[in-house]
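Using the working numbering, you'd call the opening residue of the sequence shown number 1 and step up by one each time.
Hint data in this document are derived by calculation from the structure and do not stem from the laboratory.
Any given hint could be a false lead.
Stated by the list, open to error - Listed below are the simulated SDA-like cross-link pairs for lysine to any residue, each with C-alpha atoms no more than 20 Å apart in a straight line:
#1 K44 / L27
#2 K29 / G13
#3 K29 / R47
#4 K121 / M110
#5 K130 / L118
#6 K136 / L152
#7 K113 / K130
#8 K29 / H76
#9 K6 / K44
#10 K173 / L163
#11 K44 / I7
#12 K6 / L27
Said to hold, decoys possible - Computed spacing ranges between beta-carbons, pair by pair:
#13 S49 / E85: 34 to 44 Å
#14 K144 / I119: 44 to 54 Å
#15 L86 / Y21: 41 to 51 Å
Just so it is clear, the structure is predicted and the values come from calculations on it, not from any experiment.
Glycine included, every Cβ here is placed at the ideal spot set by N, Cα and C.
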Amino acid sequence: MGRKNKIVIRINGQEYPIAGYEKKEYLLKVGSFVDEKMEAISSKNTRLSTSMVAVLTSINIADQYFKLMDEYELVHNQSIGPLEELEKTKELLKVTAEELTGKEEKILVMEEKLSDLLIFKDEHLNENIKIKQEIKEKELELLKAEETINNLQNKLYDNQTKLVDIQKVQKNKKDIIL
């Protein structure tokens, strides 16, 4: 706590020493407030004694105080609901953020797996393309081999035909020589 401030204030024409830990300006403000309230009451009824003016001023100030306290309580109670709702929302936000972080991590893992699968697919696609090319090459080789076989079969047939013809001629020659 700071040091005590002491001032003298004038209320309803009399001076009063006041001391408090609040700033001097604040203490003067309080004194001026009480003086204005007492002045307002005494100006409306000049036959009231100083003590009666003080009591009525105290009652009016107490009335203002209680009304302000009721208003404060109402505002305070009205603010509690939204504050509680805010706290619930903050907690929900925190939980949602944690869930989001977990899902982001899962997404990263899934993206890595997808990347691996795409690489795997590309590798196998390249292998499939190579295999298809090799198959086409083998088919071409097979067609060439079949053509060569056909050519050889035709030559064989031709040679067999020639052989048969030669054998006939030789048989005819033997028959003639005999």
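Going down the list of hints, with the structure as the test:
Our distance criterion of 20 Å between C-alpha atoms is broken by K44 and L27, whose separation comes to about 26 Å. For the suggested pair K29 and G13, the alpha carbons sit about 16 Å apart, so the restraint of at most 20 Å is met. As the CA atoms of K29 and R47 are separated by approximately 28 Å, the hinted pair breaks the 20 Å bound. A C-alpha spacing of about 16 Å is found between K121 and M110, which places the hinted pair at or below 20 Å, so the restraint holds.
A distance of roughly 18 Å separates the Cα atoms of K130 and L118; the hinted pair therefore holds under the 20 Å criterion. Of the supplied pair hints, the one linking K136 and L152 is violated, its CA atoms being roughly 24 Å apart against a limit of 20 Å. For the suggested pair K113 and K130, the alpha carbons sit about 25 Å apart, so the restraint of at most 20 Å is broken. A threshold of 20 Å between alpha carbons decides the hint, and for K29 with H76 the separation of about 26 Å lies outside it, so the pair is violated.
Distance hint between K6 and K44 is unfulfilled; the C-alpha atoms sit about 32 Å from each other, more than 20 Å. Between the alpha carbons of K173 and L163 the distance comes to roughly 15 Å, so the proposed pair stays at or under 20 Å and holds. The suggested pairing of K44 with I7 is violated, with an alpha-carbon distance near 29 Å, which exceeds 20 Å. Of the pairs offered as hints, the one joining K6 and L27 holds, with about 9 Å between alpha carbons and a cut-off of 20 Å not exceeded.
Under the hint 34 to 44 Å, the C-beta atoms of S49 and E85, about 54 Å apart, miss the expected range. The hinted window of 44 to 54 Å between K144 and I119 is violated, with their beta carbons roughly 37 Å apart. Checking the proposed 41 to 51 Å range against L86 and Y21 shows it is violated: the Cβ atoms sit about 34 Å from each other.
When each numbered hint is compared with the structure, violations occur for hints 1, 3, 6, 7, 8, 9, 11, 13, 14, 15.
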